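Each protein sequence line maps, in turn, to chains A and B.
Count the first sequence with our numbering and you get residues -12 to 431, in order.
Count the second sequence with our numbering and you get residues -12 to 431, in order.
Hints in this document: simulated from the structure, not taken from any laboratory.
Don't take every hint at face value.
Just so you know, same-sequence chains aren't split out, so a pair can sit in one copy or run between any two.
Here are the computed lysine to aspartate or glutamate pairs in the EDC-like style, where the Cα-Cα straight-line distance is at most 16 Å [what the hints assert, rightly or not]:
1) K(-1) <-> E111
2) K(-1) <-> D64
3) K103 <-> E49
4) K240 <-> E190
5) K243 <-> D346
6) K354 <-> D414
7) K335 <-> D388
8) K103 <-> D48
9) K207 <-> E185
10) K243 <-> D347
11) K123 <-> D346
12) K103 <-> D59
13) K181 <-> E111
Nothing here was measured: the structure is a model prediction, and the numbers come from that model.
Protein chains: 2
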Amino acid sequence: MAKPQIEPRILKGFRDLLPNEAAQRIELFEMIRGVFNSACYLPIDTPALEYTEILLGKGSDETDKQLFRFQDQGGRDIALRFDLTVPLARYVSQHRNDLTLPFKRYHIAPVWRAEKPQKGRYREFYQCDFDIIGTKNISSDIDTLITIGNIFEQIGLKYNIRINHRVILNSVIKFYAPDANETAILRIIDKLDKLGIELVKKELIALGSIEEGNVINLLKTITDLKNEKDLNIVFGILDDLLKNIENTSDVLKDCKKLFSTLNNASLKNGSYTYDISIARGLDYYTGIVFETQLVDFPDLGSVCSGGRYDNLALLFSSQELPGVGGSVGIDRLLVALENTQFNFAKEKPTKILITVFSDDLIGEYFKLANTLRANNFSTEIYSGNGKLGNQLKYANKGDFDYAIIIGENEAETNSVIIKDLKTASEDNQHQITQDNIISFFKAK
Amino acid sequence: MAKPQIEPRILKGFRDLLPNEAAQRIELFEMIRGVFNSACYLPIDTPALEYTEILLGKGSDETDKQLFRFQDQGGRDIALRFDLTVPLARYVSQHRNDLTLPFKRYHIAPVWRAEKPQKGRYREFYQCDFDIIGTKNISSDIDTLITIGNIFEQIGLKYNIRINHRVILNSVIKFYAPDANETAILRIIDKLDKLGIELVKKELIALGSIEEGNVINLLKTITDLKNEKDLNIVFGILDDLLKNIENTSDVLKDCKKLFSTLNNASLKNGSYTYDISIARGLDYYTGIVFETQLVDFPDLGSVCSGGRYDNLALLFSSQELPGVGGSVGIDRLLVALENTQFNFAKEKPTKILITVFSDDLIGEYFKLANTLRANNFSTEIYSGNGKLGNQLKYANKGDFDYAIIIGENEAETNSVIIKDLKTASEDNQHQITQDNIISFFKAK
């Protein structure tokens, strides 16, 4: 293989995880999987690649443009999935007969978007989705929000779920701009957090489909509702404002019920708000929509977003398969957790390095490793060629708790020297017989 | 979104996992991750997409042809990884300064190959790799084989690791065909299991670079060595045969040491063999190579393969970064496990369905679910619109252990009815007070 050297590099917007980063992500996945299991969400998997027609036109113009799309060897037009919700709609339509509805599923997997790379945003990132398919019952909306609460309670960071309903926002828009394209207006309102009110006002006026006076009134209503903490007042204003807008009063009634259930049943007070400005960019939402902010990390943006999408599966099936769900932003969450005490694993296993004194003793080392591993002590036999000093350096760098030294003297007397690497004192070295080694570590 | 309907379908050679399949795979991953942790392998992750030049020419002509390769929006020539070993070589070369050598890493992730789809073979499949980088020490070879043993001991299926060494096989080929292209011959010998001796003989003769008499002798030597169970006799024959072939005697010495260590230290007798016919198709192997068969599922082929590849990283770096490792074939293993008692999880959580009697009680249901979930009982509130009978059918289909019924009477008296769904007897229904519900389930 005498080929020229190739520069080892990764694609722009992609990244490798170093061992501690990968370990943290696995820990977070396991914790979240525990929450999903506790609420009886079932795991599924779907392929990374789909026919392009499955994915196209489901998210937004933006997600269409960001597809990693190509022809395979068979000339098929295929693409990497940009989210896990569209594949879910395809999945439930295709496997309808193998699934019991309502179907609660979760899916933790990477997705790909050819976005402009920015700090903390990657072209490959994990989504961690949970959804309930096959019901419009309000209890599935509530379950979704409570599941988010349970995840963030476990993580131990202060959070705020900002909840809205597409129909309410659309109705408010309709009130001020009865003839305008709601989606275009909604997309601009979605930028309120990012751009601020003045720029949003400009964009809305520039749109041309809603007159300036109404832009000002619309934004004032949104701002007033956002600032009002008393939900009774908020829904009172909405009831009054939207009483003549079709199909809105039932939605308002449902929303009041949703909040009263969250309030008296489950979610900690202060961990959720009604926020009329939450729009969510994706086209497919039809009911509740939500974003979740970490109170101490407002700049991270939403770490768990989602909503109800009752018509998505209709593209694949004549049968209605309404759905609701959320998606945890694992990568942003890991950024926040970098700055905190991060330890979800109940118990870190003890790590032991067996140092290598003589190649002739290698059989002994492996025998001992077997015994230690069988007793749940993570054990490595040093496999490099360094001398004892370097082996101990290796152990310290690798965050090992103990080093075991077996030289010829020890082998002859069936003993071992155990060096406690986490203790600075001089009294950190013990010689014990091999028979006592498990009880020694168990006592620690 | 009034668009025409799209047929919900997946690409040929790809597949969805239904919930029980996905759950089994997660369980298997967790079990294997436990073995890796116990031997101090560290997790990493790399992107699914790489520059094509990173992947090309590393595996074989076949893996080159099977790449899912395309141009991204920026005109870059990129491809989906076909294995996890080549990205690892790129990774260690690139992050050399952030890693402590020897570097023990594992990586569980999907890879993509545009193979001809066959039963049990998919174009997207998981690999579950573990490797030790940065040492040629024989203890890293041994550790690799013992890790395989530990995985299959945990799985509880009878296995046989068939171990060979590239240098020994190359030397045997050299002995009979000093001037031939060893790689071409080795690739044909690699098909012995699949094609049988007669077809392999034909192919070797057709190759033209080795005369017929020597083809017969070569295959006879291989067959004789394969049939001989006594390792002393095997290595005696090899010592004798290869005594004049350069660089072979040290390798034979190392192999003897490897087998004696496996024998007296760790691996169950009968769970490994020396098999001169194991070649492994990939170009990059330079030392030991191995395949693992399940004794009761010989048709599945190898469920864990790998070997030593000392020069792979040299393509990316002027520094030598030798490596050795294996890859567990998760999908094949799951096929085998379908037919066996499959339960690695220590304890399956109890699954409870709270049936919905009245929408007015929804707050009560969620409160109760909270309490149950906090006590590690997996709990779902029925979120469909079915009547009680249908709700109980749903519970049975979903493998729930208990259904809880709270009607208005029960709500008034602060009690619940618990229906034991796993008991056929008539005595499977209990009414208890809500205060006693946790102790009731804990007692079960």
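Structure-based check of each hint:
1. K(-1) <-> E111: Cα proximity of K(-1) and E111: one copy only (10 Å, versus 24 Å across).
2. K(-1) <-> D64: between (24 Å within a copy, 13 Å between copies)
3. K103 <-> E49: Close inside one copy (11 Å), not across copies (34 Å); limit 16 Å.
4. K240 <-> E190: neither (32 Å within a copy, 77 Å between copies)
5. K243 <-> D346: Result: close only across copies, 14 Å inter versus 73 Å intra.
6. K354 <-> D414: neither (27 Å within a copy, 53 Å between copies)
7. K335 <-> D388: Result: close within a single copy only, 11 Å intra versus 32 Å inter.
8. K103 <-> D48: Close inside one copy (15 Å), not across copies (35 Å); limit 16 Å.
9. K207 <-> E185: within (12 Å within a copy, 85 Å between copies)
10. K243 <-> D347: For K243 and D347, the Cα distance is within 16 Å only across copies (13 Å; inside one copy 75 Å).
11. K123 <-> D346: between (67 Å within a copy, 13 Å between copies)
12. K103 <-> D59: For K103 and D59, the Cα distance is within 16 Å only across copies (13 Å; inside one copy 25 Å).
13. K181 <-> E111: Result: close neither inside a copy nor across copies, 23 Å intra and 39 Å inter.
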